[in-house]
Amino acid sequence: MNSQKRIITNATNSSQKQRIIRFRLSNGRNIESFAEVLLREENSRLAEWATKQNFVDCSHRDPKIFRLLINCLRQCVAPGGISNGKKFIPPEEFTDWRSLLSEARYWGLSVVERIIRDALNASSTAVSTITIGYHGTLAAGRGGFEVNFRRVDRIMICGKARACREVFGRFLNETRDWNMDSQRYTSRFYLTHQFVEQAFDALAAKRYKLVSSNCSGPSLSNAKNVVEDEPSFAHYRQHVFTRYM
Numbered sequence: 001m002n003s004q005k006r007i008i009t010n011a012t013n014s015s016q017k018q019r020i021i022r023f024r025l026s027n028g029r030n031i032e033s034f035a036e037v038l039l040r041e042e043n044s045r046l047a048e049w050a051t052k053q054n055f056v057d058c059s060h061r062d063p064k065i066f067r068l069l070i071n072c073l074r075q076c077v078a079p080g081g082i083s084n085g086k087k088f089i090p091p092e093e094f095t096d097w098r099s100l101l102s103e104a105r106y107w108g109l110s111v112v113e114r115i116i117r118d119a120l121n122a123s124s125t126a127v128s129t130i131t132i133g134y135h136g137t138l139a140a141g142r143g144g145f146e147v148n149f150r151r152v153d154r155i156m157i158c159g160k161a162r163a164c165r166e167v168f169g170r171f172l173n174e175t176r177d178w179n180m181d182s183q184r185y186t187s188r189f190y191l192t193h194q195f196v197e198q199a200f201d202a203l204a205a206k207r208y209k210l211v212s213s214n215c216s217g218p219s220l221s222n223a224k225n226v227v228e229d230e231p232s233f234a235h236y237r238q239h240v241f242t243r244y245m
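FYI, in full-length UniProt numbering the residues of the sequence shown are 1 to 245.
Just so you know, the hints here were simulated from the structure itself, not pulled from any lab data.
Predicted model, so just to flag it, every value in this text is computed and none were measured.
In this text, a Cβ means the ideal position worked out from N, Cα and C, and glycines have one as well.
Check each hint, because a few of them may be wrong.
Derived DSBU-like pairs: lysine-lysine, alpha-carbon spacing no greater than 35 Å straight-line [unchecked claim]: (1) K87 / K160; (2) K206 / K160; (3) K64 / K86; (4) K86 / K209; (5) K86 / K160; (6) K52 / K64; (7) K86 / K52; (8) K64 / K160; (9) K87 / K52; (10) K52 / K206; (11) K87 / K206; (12) K209 / K160; (13) K87 / K209; (14) K206 / K64; (15) K64 / K209; (16) K87 / K64.
The following label-pair restraints were derived from C-beta to C-beta distances [as the list claims (entries may be wrong)]: (17) S99 / Q18: 24 to 32 Å; (18) R117 / R151: 43 to 51 Å; (19) T129 / N30: 37 to 45 Å; (20) Y236 / E93: 27 to 35 Å.
From just these sequences and the hints, can you work out the full model?
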């Protein structure tokens, strides 16, 4: 009789773990997972929901971040809430580690949070450096009575390809290195606009901070197309920005 009860109990537990839990996230996106996966960290919010209902409305959560969290729980955490030794590998273009760690804390996934933090520490995106440089000219008016506006020929971008794409997006011209792998460094990108301050704003929006600058002193241009009484003073500037995750 006891053995029969154990068989029935095990069968019931097995069927409960095979239940599919559906999460409704922002933008109307739905993500499904087996209850067995959600129950691996028994003290988490996910485990609590998995034992109560088959549908969870959390429309205030980001579906991309939540999916990564579920994938990490499925691939890197064994039943019982212990790490199985596998490393968490995010998508190639992923950089939003802060949101992912915050999401793990929100759901009470302490093991997943530790695994993600280990992946962050091992990731080359933990520190990122981008250098921008440009040649500029200042043309004095006739007789030196007026100075025209600064003219920038081209804003050059140096750094890891993935970071440059993340920061500058559609304003990044990659024609010189069109097949550049995301993990490699390049010094052949440049921007499609000539506004240095716009480039600074893009870097600041991604939490990059200026750590160094240098500039060559203005020198009189000897270009043939410069009229003698309208001298053009050329200079080169370079700014180094770094982001620490």
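Okay, the hints, checked on the actual structure:
| no. | hint | in the structure |
| --- | --- | --- |
| 1 | K87 / K160 | 23 Å, holds |
| 2 | K206 / K160 | 15 Å, holds |
| 3 | K64 / K86 | 21 Å, holds |
| 4 | K86 / K209 | 34 Å, holds |
| 5 | K86 / K160 | 27 Å, holds |
| 6 | K52 / K64 | 24 Å, holds |
| 7 | K86 / K52 | 30 Å, holds |
| 8 | K64 / K160 | 24 Å, holds |
| 9 | K87 / K52 | 30 Å, holds |
| 10 | K52 / K206 | 40 Å, violated |
| 11 | K87 / K206 | 26 Å, holds |
| 12 | K209 / K160 | 16 Å, holds |
| 13 | K87 / K209 | 30 Å, holds |
| 14 | K206 / K64 | 19 Å, holds |
| 15 | K64 / K209 | 27 Å, holds |
| 16 | K87 / K64 | 19 Å, holds |
| 17 | S99 / Q18: 24 to 32 Å | 31 Å, holds |
| 18 | R117 / R151: 43 to 51 Å | 47 Å, holds |
| 19 | T129 / N30: 37 to 45 Å | 39 Å, holds |
| 20 | Y236 / E93: 27 to 35 Å | 32 Å, holds |
The structure is inconsistent with hint 10 alone, although it conforms to all the rest.
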